[in-house]
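Chemist: So you can see what is in the structure, the chains are spelled out below.
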Amino acid sequence: AQSVTQLDSHVSVSEGTPVLLRCNYSSSYSPSLFWYVQHPNKGLQLLLKYTSAATLVKGINGFEAEFKKSETSFHLTKPSAHMSDAAEYFCVVSDHPDSSYKLIFGSGTRLLVRP
Amino acid sequence: EAQVTQNPRYLITVTGKKLTVTCSQNMNHEYMSWYRQDPGLGLRQIYYSMNVEVTDKGDVPEGYKVSRKEKRNFPLILESPSPNQTSLYFCASSPRQAAQPQHFGDGTRLSIL
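As given, the protein sequences belong to chains A and B, one line each in that order.
When you line the first sequence up against our numbering, it's residues 1 to 115, in that order.
When you line the second sequence up against our numbering, it's residues 1 to 113, in that order.
Bear in mind the hints are in silico, worked out from the structure with no lab data behind them.
Idealized CB from N, CA, C, for every residue including glycine.
Keep in mind that the hints are not guaranteed to be accurate.
[Stated by the list, open to error] The list that follows gives simulated cross-link-like pairs (lysine-lysine, DSS-like), each with its CA atoms no further than 25 angstroms apart:
| hint | chain 1 | residue 1 | chain 2 | residue 2 |
| --- | --- | --- | --- | --- |
| 1 | B | Lys-69 | A | Lys-58 |
| 2 | A | Lys-49 | A | Lys-69 |
| 3 | B | Lys-71 | A | Lys-102 |
| 4 | B | Lys-17 | A | Lys-102 |
| 5 | A | Lys-58 | A | Lys-42 |
| 6 | B | Lys-69 | B | Lys-57 |
| 7 | B | Lys-18 | B | Lys-71 |
| 8 | A | Lys-102 | A | Lys-42 |
| 9 | A | Lys-42 | A | Lys-68 |
| 10 | B | Lys-57 | A | Lys-102 |
| 11 | A | Lys-69 | A | Lys-42 |
| 12 | B | Lys-57 | B | Lys-18 |
[To be verified] Computed footprint of chain B on chain A; a stretch qualifies when at least three of its residues, placed anywhere within it, have a C-beta under 8 angstroms from a C-beta of chain B:
| hint | segment |
| --- | --- |
| 13 | 14–25 |
| 14 | 37–51 |
Make the full structure from the sequences, and use the hints.
Modeler: Rendered as C-alpha cells:
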C-alpha cells in the first residue's frame with residue numbers, strides 16, 4: 001500500500017533563508033507525487049507535481065522538488081523564504097497508477113517564517 | 001473561473017440533526033471526492049465518485065452518505081451527525097486522466113455539539 005511520511009510537523013525559518021520540507025513515500029507503482037499548500041481558511045493549492053517526466057520539478061512561487069527513487073524521497077525546497085510562504089504544506093502520492101482519484105496525504109508540515 | 005464551491009463554509013449544529021454539505025464544480029471533471037482534515041492526520045478520503053451514479057467508499061466512510069446524480073454536484077450527507085464528525089471538510093474534483101491534480105474547494109468547518 002502507498003504511504004507518505006512528512007518528517008517534520010513544524011519548520012521555522014527566517015525570511016530570506018532556504019526552505020526544506022522533507023517527504024518520504026512508499027509506493028508499489030511508479031508513483032505520481034504532488035505538493036500542495038494550504039493557507040489559513042483556504043483550500044489546498046497545487047504547488048507542483050511529479051509524473052516521471054523529469055526528476056527535478058519546478059512549481060509555483062519559486063518552489064521545486066526533486067524525486068529520488070533510491071531514497072524514496074520527494075523533498076520540497078525554495079532558495080529564499082518569503083513571509084507569504086507561511087502555510088501548511090502537504091506531500092501527496094497518488095494511490096492508483098492509472099488515475100488520480102485516490103490520493104494519500106502526508107500529515108502536513110507547518111512552515112513558519114520569521115521576519 | 002474554474003472552481004469547486006462548497007456550502008456552507010461554517011456550520012454549528014447539534015447531535016442527530018441531519019445536514020448536507022453541497023459541492024459543485026464547473027470544470028466538467030469526472031472524479032469528485034470528499035475529505036476530512038483533522039490535526040496531525042492530514043486529509044483522509046471519505047467517499048469518492050468516478051462519474052455520475054458511481055460512488056465508492058474511501059478510508060473513513062462511516063457516518064456519511066453521498067450521491068452523484070449530476071456530474072457537477074457531489075453532496076455530502078450526515079444523516080445523524082455526532083461530535084466525532086466535527087472537522088474541516090474539503091470537496092475536490094479532477095479529470096479522469098492519470099496524474100492530474102485535484103482541485104479543492106475552500107472547505108467547510110463543521111462543529112457538532
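Chemist: Does each hint fit the structure? Answer for all of them.
Modeler: Status of the hints after comparison with the structure:
| no. | hint | result |
| --- | --- | --- |
| 1 | Lys-69(B) with Lys-58(A) | violated, 38 angstroms |
| 2 | Lys-49(A) with Lys-69(A) | holds, 15 angstroms |
| 3 | Lys-71(B) with Lys-102(A) | holds, 18 angstroms |
| 4 | Lys-17(B) with Lys-102(A) | violated, 30 angstroms |
| 5 | Lys-58(A) with Lys-42(A) | holds, 23 angstroms |
| 6 | Lys-69(B) with Lys-57(B) | holds, 17 angstroms |
| 7 | Lys-18(B) with Lys-71(B) | holds, 24 angstroms |
| 8 | Lys-102(A) with Lys-42(A) | holds, 21 angstroms |
| 9 | Lys-42(A) with Lys-68(A) | violated, 30 angstroms |
| 10 | Lys-57(B) with Lys-102(A) | holds, 11 angstroms |
| 11 | Lys-69(A) with Lys-42(A) | violated, 32 angstroms |
| 12 | Lys-57(B) with Lys-18(B) | holds, 20 angstroms |
| 13 | 14–25 | violated (count 0) |
| 14 | 37–51 | holds (count 8) |
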